[in-house]
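With chain A held as given, fit chain B onto it using these hints.
Taken in order, these protein sequences are the chains called A and B. Numbering that gives the first Met the number 0 numbers the first residue of the first sequence as 0 and each following residue consecutively. Numbering that gives the first Met the number 0 numbers the first residue of the second sequence as 0 and each following residue consecutively.
In case anyone wonders, no lab produced these hints; they're calculated from the structure. For clarity, every value in this text was computed on a predicted model and none was experimentally measured. Hints are not guaranteed to be accurate.
To be verified - If you only want the chain A side, here are some residues facing chain B, beta carbon under 8 Å, derived: (1) A6; (2) T7; (3) P8; (4) K51; (5) N55; (6) Y57; (7) D62; (8) R64; (9) L65; (10) G66; (11) K76; (12) S80.
From the three backbone atoms N, C-alpha and C, an ideal C-beta is built for every residue, glycine too.
Residues per chain, in single letters:
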Amino acid sequence: MAIVRLATPLRKYSQGKPEITAPGKTLKEVIMNIDSASPGFAEKILENDEIKRFVNIYVNNEDVRLGDGLNTKVGEKDTISILPAVSGG
Amino acid sequence: MIVGLKCRNCGKRYPEEPVSICEDCFGPLEVEYDYEKIKESLSIEKIEKGPNTLWRYKDLLPVKSKVVDLKAGFTPLHKADNLAEELGLKELYIKNDSVNPTFSFKDRVVSVAVSKALEFGFDTVGCASTGNLANSVAAHAAKAKLKCYIFIPADLNLGKIIQTLVYGPNLIGVKGNYDEVNRLCTEIAGYYDWGFVNINLRPYYAEGSKTLGYEVAEQLGWTTPDRIVVPVASGSLLTKIWKGFNELVEVDIIDEVKTRVTAAQAQGCSPVVTAFLTNSEVKPVRPNTIEKSLAIGNPADGYYAVKVLKESMGTAGAASDEEIIDGIKLLAKTEGIFTETAGGVVVGTLKKLVENGEIDKDERVVIYITGNGLKTQDVLADYLPSLIKINPDLNEFNELLKKKTTVKEVAI
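Chain B with its partners taken away, still in its complex shape:
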């Protein structure tokens, strides 16, 4: 039930086409819906009878017909009592989006964008990516039988390169950081008539992230939490989760949103956090962090992300590389969830904000874990115990146990 596109900056309206930029002010275009019509057909019962994927919310997504579906979404919301105890929180949940088909939340946005590419009749899709998007676009293009061009920084984590190549796209490693890859890709998009998921299909693509708001509300019994902590790269995910919560009010599914939104970035690339904390414009930075999936130095939606932080009376924090590693290990040791570096940023930031009192211990908190640890194993190599090796001999094992130190200590 799309009405069309609307500029978020100046309000100018556009028909439903593969465009993402306002020709008047260069502002980003956003999908506009007829909420009155949606309200007539949408109900909690209808959603709950839907598929166990993001497509249970199809009424609130900008896709009309055929969907390219790898069964993304409707991922688990874990009650994280162990981590909550460790941090001193009363009620903490983990939205574990690392279990999607290509192991990150990007499957939500790409499922929508590639479906839309088919609707528009594109025969080729593409993207600029820090890794997770590359994985997902390659997989969905394979499923949709579309040609695919993907551009990534050439020094990306090996796991993410392999996990993209396996689907058979044209993968191009650009000698530069993400911002340089993205700049090149934006130029290429101006010369070739392809469906770039995060460029000319961006208004549709970004809508997929709203489902991370809908799902958390549904999994909490159609309520929203007191606090969410969201990793920030371009800023799109954070703004769309907020939009998702508020749309549920708009269509009478929930009564109110009282959620404080918190942004988490790596200290080595924190333009949104800095802008929020210093009450200034988002200024581009040159990323310098082990956290590559969030390393966007010039975040396109940074302005809107800061706006959401202020509107929701939220806050923002940044984790150092050491805190990112500690965050990954803490989540794995307490909750059995292995996340990539972006998850380390979230846990590291949460820990810091609870410790300094910015997040109250009584709040009901949800943190978004958006990518799987198997993708960025290389960053952990120097921070884990070395393997204990023994011969296949019972006595040798008994000797090992007899040592005064515990197995854990031996390992360290």
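Bound-form chain A, shown alone:
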């Protein structure tokens, strides 16, 4: 199962844990599987079947918007990070 690292506002869906594991062959499947266990999770980060504007998701440190988005393939040992969009350097 993939490891999913969660930003602080999402940790209420993981009993406060900063990371959890979840099954799924694509990013969307992983998100929907977490949502089945913790309803409301998907709605928090997705809108109209797309990643919300202020949410960034990375699979193995790669921004999925630069690749296949929610269809990004996820392997057993992959790490997913769901983070807020903040920057300025």
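Relative to chain A, chain B alone:
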């Protein structure tokens, strides 16, 4: 006179805490003020009697008590007649923020953020940086006696690495681009209780940039220019200058804002310019440019920057690497100001937009030069004349002058 924080996206309100993200919609939080109260105590006279730093506008900044002050701000506004003539503009000014204590505009935001870190009781501050922020956070942390962790792309310009290391922070070079450094840093911020200036302190930090709006208005006799050209990385600076102008109206210091805002990016990393010109959402890109300080491929405030461009009826443009170098040289040769690559982007973009008629020659234009050329000397090495060498002998110098070519031509 802060009321608290408010989500820019959904409007949900939060108390004044070190948080930057709305827990409902992930939107960015912004500081909210009681402008009616500010109006009661603020006046032009009060501002003009204040210190010659950004703290002359303390009433409009989110810091209550002690400030960490390296004397940033209130930098010169040059009337740039030579550059104006070169470009065919009637009235051009340069806001030269490269003369701040660590030689970039970042001292404004960091002075506010580190002051706020002290207010919140943090013992450690940090940031993800493309260089200028690293310099400034390290310096302000030293002054405030705070521990400091700074994360930068490992291949950053040598000048910026040295200018950070000298202040004694924990400097970590990450093998990746800024977006990767920033992603790592955002993850780290979720695990450690530190004050990251551009993450959990971001709502306060970003407010420091408003002073670049206040100062230009003050230096133009409490009016705003017809046009500003601003370098864009995350998009925060541009949106905050706009906020600064509009706040002056809100507190009755000026009557109106009729400024068209123009965004300047490097062609090799121009997600905001592209979104504006194609009327689409900001899409992340992989940066590929010599301009590293603006190389944010996934700009967090890009959406709001585009909104300001539209609201102000402004425009946007991008400069190629060659135009960036030419821009640096043109500014130095005409106005005696040596800027880093971000300044080259601004001058290069200005030149292009004047040439294609998007900026009218009659407009009163202010360009923001936000960083010092000494920070990125390495990019110029191949584009400047080589040194003329002679022996310490008067005849040899006379011979040199006698050559039919001028000294300048010999140099080239």
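Unsatisfied constraints (hint numbers, rising): 10, 11
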